[in-house]
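Listed in order, the protein sequences are those of chains D and G. Residues in the first sequence are numbered consecutively from 5, following my numbering. Residues in the second sequence are numbered consecutively from 322, following my numbering.
Do not take every clue at face value.
Taking beta-carbon pairs under 8 Å as the criterion, some of the chain G residues facing chain D (in silico) [said to hold, decoys possible]:
#	residue
1	T353
2	G361
3	P425
Because the hints were derived from the structure by calculation, they are not lab data. All figures in this text were calculated on a predicted structure; none of them were measured in a lab. Idealized CB from N, CA, C, for every residue including glycine.
Listed below, chain by chain, are the residues.
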Amino acid sequence: MPWMAGLALIVQPVNLFAMVFGSAVGLFIGTLPGLGPAFALTLFLPLTFPLPTVPALTFLVSMYTAAVYGGAISAILINVPGHPGNIATTFDGFPMARQGRAGEAIAAVGVAGAVGGILSVIVLTVVAPLVVDIAVKISPADYFMLAVFGLSMVSATAGRHVIEGLLLGGLGFLFSTVGEDPITGSYRFTYGSQYLLSNGISFSVVVVGLFALGSAFLMLEERHLPKPMETARIRHDFWVGVRQALTHPVEVLRSSVVGVIMGVVPGLGIAISNIAAYLVESRWRPNAGWGEGNVVGVMAPEAADNATLIAELIPAFTLGIPGAATSALMLDAITVHGLQPGPSFFSGGAEVTAFFLAMGLSQIVFAILGILFARFFAKGAEVPTTVLAPIIIVMGCVGAYAIHGAIGDIVLALIFGGVGYIILKMRWPLAPMVLGTILGPLAEDNYRRALLIAQTTHQSPFLSPLPIALGILSIAVFVFPLIGQVRDWRARLRETATP
Amino acid sequence: MTTRGLRILWNVAILAGMGVYIARFGKYPLQTTLFPRLVGYPVLALALLSLGREVIALISRHSAEPRLNLPQLALAVAFGLAYLALWQLLGFALDTIWFLTVTPWILSRQTRQLPVYFGVGVATAALFSFLFHLGSGAILPRGIFNVGWI
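Only chain D is shown next, with the shape it has when bound in the complex (with noise of 0.2 Å):
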């Protein structure tokens, strides 16, 4: 890979400038309580459109990374995560703030995360070429067991709502056939529909309705009213902070570890891993005051998430097969701004290293503008919402009609608004329909692929070892959730019918 070409491309003024902006705004997004960063790259995605690939792609990934360590910030400073990623972050971090170390909590996070981002780089770029070469030798029926195992994954991750996280992606999938047949190229599904006809259901239009407008519409149906929080008094103590996480290079690279495994898996995400990684230490040192302002308890989850983050772009940029809805975004970002997955991509020119670079330097940006500034983006958890809200639709809307330049867009983005309130309403998973709307494509395509090898070898591709495994797999993920669920549920009901 041409790296030094890349470097060259990354260190121009204008993709430094992305990268310090697209960081500080990720930052701001972060802090917002339940905005992270699938949030934020829905909103700006579009608005990049005009924008040239690597200061676009460069402002984009920034933001991705940033937004997690903005909830970190907010969640060590006055107890609010800013995404479920951030959840754990609060068990250590507030009594710390708490203790007046909140300087030393959000310096220690910021390096720990910047570790944890970078090694997972590392591991991207090192370890996704390999799998590009088993990419290559993958069949149509392989490609295809693959999509529906990486959305039963996601949808069994759906805790007490199986059925509903299934029936989510194959809607997901539905949504992707309306438009244009992707083998005979004759249009289905239009209802006669020039908008339909002509753009069919678009990813981009779906992810700004479910992500953006679901939650502005779900701030104004629950109105709440902004409460005086009490933030943290910051001290000046970063230095503190800093020496501790260099002083704790195990733990932290152990987390980072824990967080790559999981960003592997498709389904598991942030939300997980940060969970996963503070159990993990804990359960390492049982007895070092866990809960009570333990600098590890704060660096643990944040180096994991960061690493997840990262290391989720490893199916979605080898096999184009997204395992959340985060790296779905990135996935769809690097495709609009005219980059591809798979094996071309990892062969790729400049662009592609100076996006790998952009993605290793905004871990370093975004930890130094954290530290800095802690104190201002902690402020995002107080904004209103309702002043967030409106602007939210407002960006939501000029987002939805920059994909296309079409009103249809908007009517869209504001139905599937509709959609996505229920889902948040609800608590349901928004993944598995961002999932199933973007792996549908794939997934027919391959589906159809499969089929026509069949009728001219005359033997079924879906009989061979591998989609046999994936076919178990995702039955099995699927039917042992669902089982425990239907097993509490009779339990429930017998309960209620004994007086």
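Mind docking chain G on chain D? Use the hints.
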């Protein structure tokens, strides 16, 4: 309406949508609808399963469900549609300033904050105008400060 009512309504809407979707299968060549059939029928089954479960839970009344804030929900939908109408009527930028000034004021009824809301509206409109002028300008088909009907 309770959240269970909304879940039932959601499942009914999916079933109706699936009915309309599946009814189109016969209109296209078989090859074109192979994948939609493969996914469509399981989705229909899942929607039926989900609806059945909600109805049984409703009949057995085994848990209390939180109520929805319907007036606020209607307000939220109205705001989305109002923004769309303003865009059509005023053109881009003016609608943003108007919407971001008036909406937070209606929602919070804090008259003292009006200048702040107006500032946010102007800043957001200016930011979008700047961003899109960097590129093709396609986002502003009728100019930055287009007042539409004037």
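Q: Run the structure past the numbered hints and jot down the numbers of the failing ones, going up.
A: Violated hints: none at all, because every hint is consistent with the structure.
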